[in-house]
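Using the sequences and the hints, build the whole thing.
Protein chains: 2
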Amino acid sequence: MDKINLIIYGCGVMGRKAAQALLDKKSFKVVGAVDIDPELVGKDLGEILDKPEKLGVVIEKDAEALFSKVKAHAVVHTTTSHLKSVFSQVAQCLKAGLNVISTCEELSYPWKRNPELARELDSLAKEQGVTVVGTGINPGYLMDTLPLVLTGPCLKVKSIKVTRMMNSAKRRVPFQVKVGTGLTQEEFKQKIEDKVITGHVGLLESINMIADGLGWELDEAVELPPQPVIDELEIKTALGTIKPGDVIGLTSIAYGKKEGKEIITLEFCANAAVDEEYDEIIIQGEPNIHQKIVGGVHGDIGTVAVTINTIPRTIEAPAGLKVMKDLPPPKATL
Amino acid sequence: MDKINLIIYGCGVMGRKAAQALLDKKSFKVVGAVDIDPELVGKDLGEILDKPEKLGVVIEKDAEALFSKVKAHAVVHTTTSHLKSVFSQVAQCLKAGLNVISTCEELSYPWKRNPELARELDSLAKEQGVTVVGTGINPGYLMDTLPLVLTGPCLKVKSIKVTRMMNSAKRRVPFQVKVGTGLTQEEFKQKIEDKVITGHVGLLESINMIADGLGWELDEAVELPPQPVIDELEIKTALGTIKPGDVIGLTSIAYGKKEGKEIITLEFCANAAVDEEYDEIIIQGEPNIHQKIVGGVHGDIGTVAVTINTIPRTIEAPAGLKVMKDLPPPKATL
Numbered sequence: 002m003d004k005i006n007l008i009i010y011g012c013g014v015m016g017r018k019a020a021q022a023l024l025d026k027k028s029f030k031v032v033g034a035v036d037i038d039p040e041l042v043g044k045d046l047g048e049i050l051d052k053p054e055k056l057g058v059v060i061e062k063d064a065e066a067l068f069s070k071v072k073a074h075a076v077v078h079t080t081t082s083h084l085k086s087v088f089s090q091v092a093q094c095l096k097a098g099l100n101v102i103s104t105c106e107e108l109s110y111p112w113k114r115n116p117e118l119a120r121e122l123d124s125l126a127k128e129q130g131v132t133v134v135g136t137g138i139n140p141g142y143l144m145d146t147l148p149l150v151l152t153g154p155c156l157k158v159k160s161i162k163v164t165r166m167m168n169s170a171k172r173r174v175p176f177q178v179k180v181g182t183g184l185t186q187e188e189f190k191q192k193i194e195d196k197v198i199t200g201h202v203g204l205l206e207s208i209n210m211i212a213d214g215l216g217w218e219l220d221e222a223v224e225l226p227p228q229p230v231i232d233e234l235e236i237k238t239a240l241g242t243i244k245p246g247d248v249i250g251l252t253s254i255a256y257g258k259k260e261g262k263e264i265i266t267l268e269f270c271a272n273a274a275v276d277e278e279y280d281e282i283i284i285q286g287e288p289n290i291h292q293k294i295v296g297g298v299h300g301d302i303g304t305v306a307v308t309i310n311t312i313p314r315t316i317e318a319p320a321g322l323k324v325m326k327d328l329p330p331p332k333a334t335l
Numbered sequence: 002m003d004k005i006n007l008i009i010y011g012c013g014v015m016g017r018k019a020a021q022a023l024l025d026k027k028s029f030k031v032v033g034a035v036d037i038d039p040e041l042v043g044k045d046l047g048e049i050l051d052k053p054e055k056l057g058v059v060i061e062k063d064a065e066a067l068f069s070k071v072k073a074h075a076v077v078h079t080t081t082s083h084l085k086s087v088f089s090q091v092a093q094c095l096k097a098g099l100n101v102i103s104t105c106e107e108l109s110y111p112w113k114r115n116p117e118l119a120r121e122l123d124s125l126a127k128e129q130g131v132t133v134v135g136t137g138i139n140p141g142y143l144m145d146t147l148p149l150v151l152t153g154p155c156l157k158v159k160s161i162k163v164t165r166m167m168n169s170a171k172r173r174v175p176f177q178v179k180v181g182t183g184l185t186q187e188e189f190k191q192k193i194e195d196k197v198i199t200g201h202v203g204l205l206e207s208i209n210m211i212a213d214g215l216g217w218e219l220d221e222a223v224e225l226p227p228q229p230v231i232d233e234l235e236i237k238t239a240l241g242t243i244k245p246g247d248v249i250g251l252t253s254i255a256y257g258k259k260e261g262k263e264i265i266t267l268e269f270c271a272n273a274a275v276d277e278e279y280d281e282i283i284i285q286g287e288p289n290i291h292q293k294i295v296g297g298v299h300g301d302i303g304t305v306a307v308t309i310n311t312i313p314r315t316i317e318a319p320a321g322l323k324v325m326k327d328l329p330p331p332k333a334t335l
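Top line first, the protein sequences correspond to chains A and B.
The numbering used here numbers the first residue of the first sequence as 2 and each following residue consecutively.
The numbering used here numbers the first residue of the second sequence as 2 and each following residue consecutively.
Misleading hints may appear alongside valid ones.
Treat identical chains as interchangeable: a pair holds within one or across any two.
Calculated cross-link-like contacts (lysine to any residue; reagent style SDA-like; alpha-carbon spacing at most 25 Å) [claimed, not checked]: (1) Lys171 with Asn289; (2) Lys237 with Glu317; (3) Lys30 with Pro288; (4) Lys72 with Tyr279.
Note that these hints are calculated values from the structure, not bench results.
Every value quoted in this text rests on a predicted model; they were computed, and no experiment measured them.
Here it is in structure tokens:
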């Protein structure tokens, strides 16, 4: 089998983790890397990985110049969460005739939040005969693809509820900061108002993908402001010991509604006091399906794996902007 | 949306359940029915359903004659488990330019057990520009498609174990007979020798589909003879009260082996003493995934639903013989 040649676009935490994981796989070869950070440009990609070793792949600043000199099948794109800020990057890849697998959360289902940008990317991809997909563990898998797959044995579906319950103290420090760990309730409130804390990006994308997949016309998809989680006991975290009454994490909830009923409910719970981690999907229908991933799926590894495992599906897919529900699901690649 | 027009091929228990379920759906229309049973031929299909009502669809004996006069998109084929016995029926449908979704267990992954028949069906389907898929809850979903989907968030997979734990006393009587309920141990042994009790058909198909999906070359796939399950207490079933020491069900186990290790293990447990029903998937890898469907998925409803929900995927797929791992997964249809 010929290897799939890849360019890493964005050499931050996720880009590096993806690059590191790709090195261990037979199916892929990293042939190029892009980042705008002056600290990174000019370095060998291998030098900034967990297990540093020279790869002969220099991180370049100018993506277009790189695309013109290196031959690749696809780009693994990991920069930011919002489609508006990554649009030109993704468009640039497509124009160069490259397939794109991106971790941009809003790209996982862009047809509602950014329909015009979605249409533009779709046309561009079709013109070039390539495919673009936004994915990751969530959005992209646990709260949309997997619930849809679990409706496969159902004759009818009335409602779907997905809950991710995770202990944030076990995750990376930036993640702990992102969920408000250690803030006073007042500070948390302020950061919500200032949109410094936004909760989890992608709940609405997942809701819209589920609804589309099931042929449901929702009246509305709404996301509530993240709620702080408080505990009565002191809790030790990598950010220090959190006093009772201070914030130990947050809960983000979003609903897909139809005729006043919440027919899709997504609940993202991340705090330092969670004893039992899990990812749970409850489908009310015929039959009911109640599934649980005991211990949950680790977010970082999961995102890297889903992204990598989606690469072959993307390359094989018909040209255009695709969402995960349209592809054969990812499976572990060699 | 135009309705998908279907012919029901085989009007036994599963064919009727499929027909009944299809009547409740907006996406499909049943336009023909075939069976060779003289008791059924000439009857209106609707008369033999759970909720009898005339449908204007007469059960015909001669499939070819029916195909020449009725226009359909696909055939829902539910006759028997073995590919050799259904080959000519499926070939007949393909020759008539009809897509086929079949519950024939051996058709779910025919490339190992019957590679020549598989090749023939593949060529025939391609010649006619149609698609043929074998599916159902198991094989087709719980022990192959779903485990593969659950490797999506894995960077590496070392082994997969799937267990279906079901209480046979809650199922149809023919199923209870099939798992040996009420036999003495001696009678059970004899029926295994005589191949009257065969255990669950499809474990090897599921193993081969998983291995193929993950790019694993197995040294062998083996199925052990079904083992009787005995209890110390009396158990009441629809087949009467079972004495302690008599058979209350069976366990079928199959392995996919590589270098002496069992890297795929499928365990099908059906007996009248099961307290907690579940379907469980344990993936050893990076990360480990431990998934459980609490209460399990009911076999009959599940098979009907997976079959129906695979119809649109089959029609949309490229021509040829496909297996479930190659298609976007089934999701509940309207």
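Against the structure, the hints come out as follows:
Only between protomers do Lys171 and Asn289 lie at most 25 Å apart by alpha-carbon distance; the minimum there is 16 Å, versus 32 Å within a single protomer. Proximity of Lys237 and Glu317 under a CA criterion of 25 Å is satisfied in neither setting, with 47 Å inside one chain copy and 53 Å between copies. Taking the shortest alpha-carbon separations for Lys30 and Pro288, only the inter-copy value of 22 Å comes in at or below 25 Å, while the best intra-copy value is 44 Å. Neither within a single protomer nor between protomers do Lys72 and Tyr279 lie at most 25 Å apart by alpha-carbon distance, with minima of 41 Å and 49 Å respectively.
Of the numbered hints given earlier, the model fails hints 2 and 4; all others are met.
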